[in-house]
Structure formats: structure tokens, C-alpha cells
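Number of protein chains: 4
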Amino acid sequence: MSVLTRDIIVQFPDLTVRRSDRLLIAGPCSVESRDQLFRVAESVRESGFRFLRGGAFKPRTNPYSFQGLQEEGLKLLQAAAKEFDLKIVTEIVDASHLPMFMDTVDILQIGARNMANFHLLKQLAHASKPILLKRGFAATIEELLLAAEYLVSGGNQQVILCERGIRTFETATRATLDLSSVPIVKKISALPIIVDPSHATGRSDIVVPMALAGLVAGADGLMVEVHPNPPKALCDGLQSLTLEGFRELVAEINRLKPYLIKK
Amino acid sequence: MSVLTRDIIVQFPDLTVRRSDRLLIAGPCSVESRDQLFRVAESVRESGFRFLRGGAFKPRTNPYSFQGLQEEGLKLLQAAAKEFDLKIVTEIVDASHLPMFMDTVDILQIGARNMANFHLLKQLAHASKPILLKRGFAATIEELLLAAEYLVSGGNQQVILCERGIRTFETATRATLDLSSVPIVKKISALPIIVDPSHATGRSDIVVPMALAGLVAGADGLMVEVHPNPPKALCDGLQSLTLEGFRELVAEINRLKPYLIKK
Amino acid sequence: MSVLTRDIIVQFPDLTVRRSDRLLIAGPCSVESRDQLFRVAESVRESGFRFLRGGAFKPRTNPYSFQGLQEEGLKLLQAAAKEFDLKIVTEIVDASHLPMFMDTVDILQIGARNMANFHLLKQLAHASKPILLKRGFAATIEELLLAAEYLVSGGNQQVILCERGIRTFETATRATLDLSSVPIVKKISALPIIVDPSHATGRSDIVVPMALAGLVAGADGLMVEVHPNPPKALCDGLQSLTLEGFRELVAEINRLKPYLIKK
Amino acid sequence: MSVLTRDIIVQFPDLTVRRSDRLLIAGPCSVESRDQLFRVAESVRESGFRFLRGGAFKPRTNPYSFQGLQEEGLKLLQAAAKEFDLKIVTEIVDASHLPMFMDTVDILQIGARNMANFHLLKQLAHASKPILLKRGFAATIEELLLAAEYLVSGGNQQVILCERGIRTFETATRATLDLSSVPIVKKISALPIIVDPSHATGRSDIVVPMALAGLVAGADGLMVEVHPNPPKALCDGLQSLTLEGFRELVAEINRLKPYLIKK
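So the protein lines, in turn, are chains A, B, C and D. First residue of the first sequence? That's 1 in my numbering, and the numbers climb one at a time after it. First residue of the second sequence? That's 1 in my numbering, and the numbers climb one at a time after it. First residue of the third sequence? That's 1 in my numbering, and the numbers climb one at a time after it. First residue of the fourth sequence? That's 1 in my numbering, and the numbers climb one at a time after it.
Each pair may be met inside one copy or between any two copies, as identical chains are not told apart.
Using 30 Å as the maximum straight-line C-alpha spacing, the simulated DSS-like pairs for lysine-lysine come out as follows: (1) LYS187 with LYS232; (2) LYS186 with LYS232; (3) LYS129 with LYS187; (4) LYS122 with LYS75; (5) LYS122 with LYS232; (6) LYS186 with LYS129; (7) LYS75 with LYS232; (8) LYS186 with LYS122.
I should point out that these hints are in silico values taken from the structure, not numbers from a laboratory.
Please model the entire structure based on the sequences and the hints provided.
Shown next, in the form of C-alpha cells:
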């Protein structure tokens, strides 16, 4: 593992995110329109977060669900990133999209459903971009680390892990956020790990406490879903924070900072 | 639900624990000897924690495992509590033990394996003692609340819930600590809920971060296992903090307090 | 393990059930009325099955659900058994009920929720009655065998195990019937094991194929729920076969017999 | 759904497999050598099974595990199929391999890890080959059917589903074979479904009873792993039947046929 990843979560020519900073990523589940995306991007910028997420190519369980704006979505992300000086995080579902993503995206996301798509992992190992690798919802912590090993051993050491919940019998939440993975990964890997409380819980009313719990458990950052009008979202509205809810999260993180920094 | 339980977690003639205080319970998995118990009890007292746990009647998966000191264990708990001015929390496995427990114990614990032992719940509903009800490791949050309802509807409103992990496919931990249950319980119940990171994780090396994460998620307290010599423990040594580890946990809790208090 | 249990599933002065016979138990989830119970008992008798199940003391998740007719239920079971020359299988939830059950019941059932109620197991180990021990819905196969060991090592070797499904993420069924437990138990234990497809699946429309699959996997018998009018059942109506459905099951078992016998 | 799939599982110019025939697929986990593959293929042919499975491109959890013989593996499969007049079933992990597979393979297998790789599903929907779609080990039955819908709605109606176990807390088996999925799929879909007891159980000692249970539950066929020398297998040796074990399975299936045929 490179020394780089021990102190620095991710690095760009104009931006370095250290572990002490935490990596904070926010945005809508899907890019739906210029207005929707820009409103969220503005909020992200105001918060001090520097990373905008938004799905353009959406892997959906149901073939008849909204599949994302695709190339048009990438263009909107690029425009929003330029307008608000943000970095873009978005999911890549096939290696044939790499040329398009290399030009527009700052961090390539591998979704939970593709964590064990080893063919994709092998191909992305050659991309000179940081990769956010989400834990599969039926993957053990060991399997997550072995999936990361496909990337690292293939040549890409800029891997950021993401805990996003595992599938259990509990139905009160969409998945069960397994925060124990955070301190365990810290013990056996040099890779940074962030937490996605939005997909894990599937309910915006508990995203804030679970996000904060994740940081206190030792996570190097967060990824949260934010939408200006969650009930109208084309995807995952139930788990999206409103802009107001997002500001509350940011305020709580700032309140918690003195504790986190001294750590 | 009584107004009492909204602000106060548990109340005795000489001690009231409010939600802002948090309820902190520590002690060995099993009472093994006077020396073992007194060393832990002294540490608990020094920490400012006021509740000593220790198993006397142990429900063990394997009939050939150590089954606890039973009545002798209760007597040792009583002696330690007197010596260090602590309250006793210990598990009751059958209603026929009630007379013995009523004289010696301050909080009756219902273990995870008995959460759905509704016959026991009905009988303990008549006991005028606070009850710590642990979530069954295959119980949903709703089922935990319905189990509590057996106690509350039966007349005992002094119920404290305890999240202690659920059984999942992950093998890196003994169970998966489901911290999402904490904010969910807060939304739909007036009952206090604490977190047991020791049984949930089964590994002492991540007990501290998970305990702190639990508090930040909103838990009203903690229950942790502490043993003066974990490798020699007759039960659950892998998950027990040493006395030194316990002092570190207490230090971290104190460091986190400014954040928790303002909340 | 006694030699007895290797060839014989269960034995009474007037009835011996060998492994080659299979142990077939049927009846309503709860005893509700004389008419309900007698109609089912008559069907059971006609089928050639000799064991009638019916809950009198019901462990219910919700304290406000129907809790069973209790002693009155036991009396109705006794009357039906006498009228149709059947043996009675019913659940015991507390050892204090033993005297009452010793007089009326032929096989004591320990329910899934009490499989790890080791205090109850220790007390029932002294009862001179066969025991049907259901697998807890979060219990591993090893834990089921260790629970049985509480009975066997305590002196009661007449133990019959019952696979009734485990809790998983799948929601199309109430639990996931784990038929792999059947051949595994055969490999490592001399105890007989039967299958309860009614509680496992929670849906009567697949009880017949799952019952037959259980027998072909090697099960020593079945326990199925039957109700004369499932939509009106006070408990678990969705998973109960009608009398007609029960006759179909019996016909299929008879059709499968040539295959099973030669085995 | 086409009328075709209701009576016929899969059809080739020179071979039609009807539901009453059952679709029986056997072979090694990985193609390792000509000798290994030809010995298995000969056994398959002798048994009356007509479909040979064997992995050429292997998705492995660990990047340092054997990844398959790849193109060389496909060539060996083709040679064995020609020699013994068998059809080939093998896994495709990326759409870019399609041209190569179209020339050599008879049924394209989508592995459990790729069931929710919707990008791959969309591309295979255009292939004019039958597809064997394995259930993801964390997928619900509904999600399996929705994944199939990606293929069917995309134009490929020759889809065969495969139950191969789901991930649960039980550790005695590799996964938990969920045979309930078989009758449930029958009720809500016209697609055929087969059972893979080898991957589900992960232990060859219970493959035979679970295979037979699957057929009695209503499965349209089986896929089993067979290896001439399981302890030397490069992949999944523990779950592979020996040639002798495979002959026993075939004998049992033949013994069960009178029951299955009349069904």
C-alpha cells in the first residue's frame, strides 16, 4: 500500500483531502435536471463540502424504473462542478464508458451491485482516477477488501472504501448500516473508508445521527443524498435529505469537529 | 407511557439517572471470584459509573460450558455493590428466581435469548424493579418494542431497552451492531435505549469506537464488559475490555461529553 | 445416544413410530373451539396420521394478539385425542405447567422462541415424555444440536428435532426453510428430525411441495398446520392447509412412498 | 411470456428439453485440463445428461486465486462437447466476450455475482442464445425475476432461472439453499427454474439429497459440480461430486422418475 493513502484520502492537482479533513460527498441520487442539480450543488458549496455526487447511469432493480439521464447527466454534473468549483463523484457501470468518464468525472464510483463484478474491477484498475468502492450489500468486510485488492494489485492505489449497509432480516431500514466495518477496516487496511448512511438506512429521518455515529466510529468521510424536493425525486426520495436537512447535518458535523480533530 | 420515563432513565431512592446523564453499566460477563469482581467494581467506581453488571445465572449455548456461580454469584455482586456503592444489573432466567433477585438486584436483565420468552416477560411485568430488556439477536426493532409492551402493559413501566447486535452473514464480528435501532426507537417509543458493544462485536479491539458511535447515535447509555484478565475469563474473554481499556473508554466518553450535553 | 433413537422415532405403550414410517403431525395452529378441533382431528384420523397438534399456550409476538385457550385448550385436545384415538403434541412454555401437561400431552413441544431458553430445557430434561424441539429461527444447526444436548445430557433421550425455517432477508416467505439441516443432522446426530413447512414458509400455497421436498431430503416426518376455515383462523391462517389441501398432501405423500420406502 | 417457454425449457435445432425431461447440467467448477474435462464429459454422457458445464472465465473473490483457463478453457469445452455430443453451459462475465461465446457456447450463464449487473443483462438481452441466470446470493426472489425481466423485455425470452442459495448466518453450509423459491417462481412466472445444490451447500456430502429435494419441490432441472479428483480441484473441490458420487445421483434421479413423471 502506498504511503500516500495513509495520510491523504484523495488528491487532485488543486485539492488535497487529508484524513483529518474528512471526505464529504453530497448530492442527489440521480441527476434529474439542471435546476435540481444546481440547487443541490449550491448547497454543497455553501456547506464547505467540495464533492458533488449524482447518478447519471443508474443500475435499477426494475428495468421499467428511471435509468438515469446518462450522457446528458454527465454534462449537467460537469456544468454544476464548474459553476460551483466542485469535484464530481458518479457511478460507472461498464468499462466501455471509461473514455467518457475520464474527461468529466473526478472520482469513479463502483456501486454495491458491482463490487463483485471482478471484470469491471480489473479494467478500472488501469484508470488513473481515484475510485470509490462501495461494499456489496451481501459482502463481508473481507470480501470488500479483496475487491479493493483487484484495484490495488492491478495498479490503482487511489481506492476509497464505502460502508453502505448490508442486507439483513430487519425491515425498518433498507439495509443495516454495519458501522463495525469502519474500525475493523482501520485495523487491517491502509485504505480510507467513508460511510453512506442514506442508502444504508433508506430513511432520511435517521441519516443525521447515523452519519455522525459513522464519523465517531472513525470514518474518513461521508456520502449523503440531498434533493431539493425529495417527494418528487425520481429515485430514492425517502432517503434524501432536504436542503434544510443537509444544512442541519453540516451544522452537527461542525459541532462535532472539536472532538474529531483532537482524535 | 409514564411521564417518568421520558426524562428519567431509571430511578432509585438514592439515585436518579436522567437521559442527560446517560446510564453506564460495566462489569464482567460472569462473576467468577471475589477478587475478579472486586477489582472490576473498584474500576467502575473510580470511573464514576454507578452500575455493575455480572452474570450469576448464565444461559450458555453449550451445556458443558461454565453455567455461572448462581446464588454464590449474587452474593458476591451484593458484597461488591455494598463495598463500592454500586447498583447491580444481572440476568434473570426464570421467574422462580424472583424472590432471590428482589432482595439483591437493582436492575433485572432479560437476556437476548429470552426476549421472546413471553411467559417470563409476563411474570416480570409484576416485579417492582427496573428491567433491562436486551434485543434478541434475530428480533426486529418492532419485535423488541412489542416484547417491551408485554412488560409495560403488564404493569412495569421501568423498562430500558438494549441494542446488542443482530445475527447476519458477517463473520468478522460476533453479531452486527445495528445502531440504526437507536434513533428509530427514539422516534416511536418513550423508552430509553442503551447499547452493548461488547456482545454485539465480540471483539474488545473495536468496543471503544462502537460505544462512542452508539452515544452519538443517541443512545441513553452503554453496557460494556470489563475483566481484569480477559484471556483467563471463563466466558466471553475476547470481547472484554481490560481495566486499562475501560479507563480509555471512560476518558473518551468524557472527551465527547461537551458534544453530547449540548445535544 | 441410545440405540433406541436410531431406529425408532418415538414410542408409546400402544404405538411405535419407526423411521421408515415417518412421524406425521397435523392440526391447527391454535385450538379455538371444539368444532374446529374435532373437524381437523377427524381429518387427521382419516389420513392415517396419528398425531394431532394444536396450540393451547401460545407465545405471541404481540401481547394484544390471541394468547390461546390455555387449560381449556388442553382439555379440548384431550377430548379430541380420545374421540379419534390420536396422540397430542402441544407447546409448553414454562416448567410450572409440567404437571398439567404430564397428564394430558403425549409429546411436549418446545417452540422456536424457547429453543435457547436453557432454563426450560434443563427442567424438561427431567420429564419422562418425548420432546419435539423446534429450531430457533436464528439458531445454527450446531446450536440446535447443543440445545438438544441440554435435554439428552439431562436425562431425556426422546428428543425429536424440527426444522422450521430461519430468518433471512427474503420476504416472500415468513422464514427460509433450511432443508440442508436435514441431511446435515443425519450425518452428525442420531436424533430424528422432522420438517415444519407451514411455519417456515408462512404460505399454504407452497406447503405441499416443501413438505415433500423435506421428506426426500431425508426428514423423519412432518408437522403441518391444518384448519377447517383458514381465513377465520385466530392465528397463522395464511399458512394453514384447508382440510381439502391436507388430503392432497396425504395423497402426494402416499404417491411418494414407494420411493421413500426403498430408501 | 412466449408460449414456447411454458412447455419447453430450452430448444436447439438438434435437441429439445421439455419440462417433463428436466434439464440436467453437470461438470467441473473450472475447466482445468483436457484430461479432467474429458473424464467428466464422458461420465455426463454415460449418465444421459446432455449438458456439460465448466468455468473458463472465473469470477473469484480473491484476485490471487486461479482465474480460469479463459479462451483455452472454451476450446477444451468445445472439444469435449464435440467428442461426447454434449451442449456447453459456461459463464460470461463481460459483453465484450460475446463474439467468442456465440461461436462456442450453447447456454450463456450469468453468475450470481452478476445477477444485478444490469449493464451486462441489457447487452445479453440481444444475444440469440439461451441464458442461465443464477440468483444473486443476496437477491430476493422478486429481484431475480426483475433481473430476468431485463433479458425478456430486452428481447431474449430463452431465460432459465437457477436457485443457488442465499447468504444467511448459518455456517454449516456455504449458502442456504432456498428451495421455497422453486414453487414460488412457478406461481408467478412462466420461466423454468433449476437448482444448483453444489454452490448452495458447498459440501458434496449433502448434494444428492438436496438435488432430489429440489426436483420434488418442482424444479425443472439441476446443475451439479463433478470432478474426477475433487481434492485436487483448483476451485470448489469441497462441493464437487466424484464420478462415483455423480453416478449415485443419476441412479437416485432415475429411481425418483416414476414419481416425477406422473406429477
